[in-house]
Every structure is written in structure tokens, then in C-alpha cells.
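Visitor: Here the sequence shown stands for residues 192 to 458, numbered as in the working numbering.
Since the hints were derived computationally from the structure, they do not count as laboratory data. Where a beta carbon is used, it is the ideal one built from N, C-alpha and C, also for glycine. One should not assume that every hint holds.
[Claimed, not checked] Simulated crosslink set (DSSO-like; lysine-lysine; CA at most 27 Å straight-line):
| # | residue 1 | residue 2 |
| --- | --- | --- |
| 1 | K285 | K397 |
| 2 | K281 | K267 |
| 3 | K368 | K328 |
| 4 | K305 | K328 |
| 5 | K243 | K277 |
| 6 | K235 | K305 |
[To be verified] Computed beta-carbon distance windows for the label pairs:
| # | residue 1 | residue 2 | range |
| --- | --- | --- | --- |
| 7 | K224 | T376 | 29 to 39 Å |
| 8 | E258 | I364 | 47 to 57 Å |
| 9 | R419 | N227 | 50 to 60 Å |
| 10 | D298 | N263 | 17 to 27 Å |
| 11 | Q362 | I402 | 47 to 57 Å |
| 12 | L437 | S404 | 22 to 32 Å |
| 13 | D298 | A373 | 32 to 42 Å |
| 14 | N335 | R419 | 51 to 61 Å |
| 15 | I420 | D298 | 24 to 34 Å |
| 16 | D298 | G367 | 20 to 30 Å |
| 17 | D298 | K368 | 23 to 33 Å |
| 18 | T330 | Y260 | 25 to 35 Å |
| 19 | T376 | I451 | 42 to 52 Å |
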Amino acid sequence: MKITLEKIFLILCFFSHVFSTQVIIQDFLKERKANNGIIQLNSKSINSVITKPRNYTMVIMFTTTEEQYNCNLCKKLEPIFKLVAKSQHKTYPKSEELFFGILEFSDGPEVFEKLQLTAVPVIMLYPATIGPNASRKNTPYILNIKSGDISSNWLAQIISQETKQPIRIIQFINYGKVFFYAFITFLSVVFLRLIRSFVFFIITKKELWLILSLASILIFNSGYMFTRIRNISFNGYDNDIPIYILETFNSQYGIESLIISTTCKKF
Numbered sequence: 192m193k194i195t196l197e198k199i200f201l202i203l204c205f206f207s208h209v210f211s212t213q214v215i216i217q218d219f220l221k222e223r224k225a226n227n228g229i230i231q232l233n234s235k236s237i238n239s240v241i242t243k244p245r246n247y248t249m250v251i252m253f254t255t256t257e258e259q260y261n262c263n264l265c266k267k268l269e270p271i272f273k274l275v276a277k278s279q280h281k282t283y284p285k286s287e288e289l290f291f292g293i294l295e296f297s298d299g300p301e302v303f304e305k306l307q308l309t310a311v312p313v314i315m316l317y318p319a320t321i322g323p324n325a326s327r328k329n330t331p332y333i334l335n336i337k338s339g340d341i342s343s344n345w346l347a348q349i350i351s352q353e354t355k356q357p358i359r360i361i362q363f364i365n366y367g368k369v370f371f372y373a374f375i376t377f378l379s380v381v382f383l384r385l386i387r388s389f390v391f392f393i394i395t396k397k398e399l400w401l402i403l404s405l406a407s408i409l410i411f412n413s414g415y416m417f418t419r420i421r422n423i424s425f426n427g428y429d430n431d432i433p434i435y436i437l438e439t440f441n442s443q444y445g446i447e448s449l450i451i452s453t454t455c456k457k458f
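Using the sequences and the accompanying hints, generate a full structural model.
Guide: In C-alpha cells, the structure reads:
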């Protein structure tokens, strides 16, 4: 009778683990579908991943993107991690073997303390512990993150090697940017149509182009830009007698530009 009770107890424990795991997976599937492949974890949900048996693999990024912590590497890695998760979800929308989760420090500081995480970001891969995909390793695999070689392809390749599930990065269309540039183009076309008569007047006005051309010639050929750049004095003095022309080949006074301009106007 004792043996029978032990067997019944073991069977009940087994089915209890299986049932609880399936409940967790169903919750993960719903959240993954709603969040483009990402499961936003907290202290309660991550404990169910870490402490309970898993017939799935979970890749977790421990991070903090809040401004008060000023973690630039976290901000750089987060969109890459989300792109890999979204690509995996797009390729395997009904897969129950691999999930991607993010735990913010503010959502579970006690978890960071328990895992002795003193620096972020950290990506850990928790392999399946039961089922056909169970790994021989019971400890999580920690990815070696370096700011110089972070890319979506690099991250997808490492995860694919550990999980045996190939992940192909999909470059999704950013419809927000497409709409923004389309809207700017539309406004530009409308603006040009409204001012086209004024633009046509400017283009065909000969007197205006004549004035602009003459002004450009005088500015760039009379030495005006030369005196402005080198901050040369307007005129010089020799024994309190004003001098307007500098007797050198490589410099001039500011007034010489006005003299040349006045001479050109007379012509």
C-alpha cells in the first residue's frame, strides 16, 4: 500500500508540473503575440522560469533603460534584442520551444540581487530542463556582450547555435517613418504649388539677377572677404595722416574695397 501511494504521489507531481508548465507557455504565447515576440517579465513571472521545470528555452535580457541609470549599452542592445525576438516570432509564430523576455531592473530588483548581477545589460539563455529538447546543462548560458560587435545577426547566430533553432533576421518596414516622409513630401509639393508664381517671378526677373551677380563680383573681387576674414583695419595712418591705399601686393585696407566698388559703379 505504501508503494502504491508513492507512485500515485509521483504521478500527481508529474502531471502537476506538466500542467503548470503548459499554463505558463499559454500565457507566454499570448503575451508574445501581443508584444511582437517579447515577453515583459517581472519578479513573479521570472521566478516561474528560473525555479520551475521548463520544457522550453527562454532567452532573457536583464537591463535598465531608465534615464536615471544612463545605460547607453542597454539602449543600444534593446532594439537589437527586440528585432531578433520579432524575427523569431515571425518565422515560428506557434513555436513553444523558444521565448524571449526582458526584465527591467525596476520590475524586479530582488531578482538582480539574487542572481548577483552588478552590471547590465546581461543576456542569459535558460535551456529546457524537461521534455525532448531538454539540455544536459542545468545552468543558464551567459552571452558575452561587447559593445563593439553587437548586431542582430551576431545575437541571432549565438542563440541559434545554443537552441538548434535557426533564426533569420527580418528587416521590418517602419511604417511610421514611411508615413512621416510621405507627409513631408506632400507638404513640400503643396508649398511649392502655392509659391510657384513667386518663384517664377524670381527666376525670370533679370534686374534681380543682375544686382545679385554684380554684388557677388564686387564682394569676391574687391577684397571685401579678404579684409573681413583677416579683420584688417579700415585705413592706416602715417604721422597722423590717413592712408587709404596699402603699398604691398599681399594685403589691403578695408576702404580699398569701397574704392573699387565705387569705381565699378561709375563704369
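Visitor: Which hints, by number, does the structure contradict?
Guide: As far as the earlier hints go, 1, 3, 8 and 15 are violated by this structure, in ascending order.
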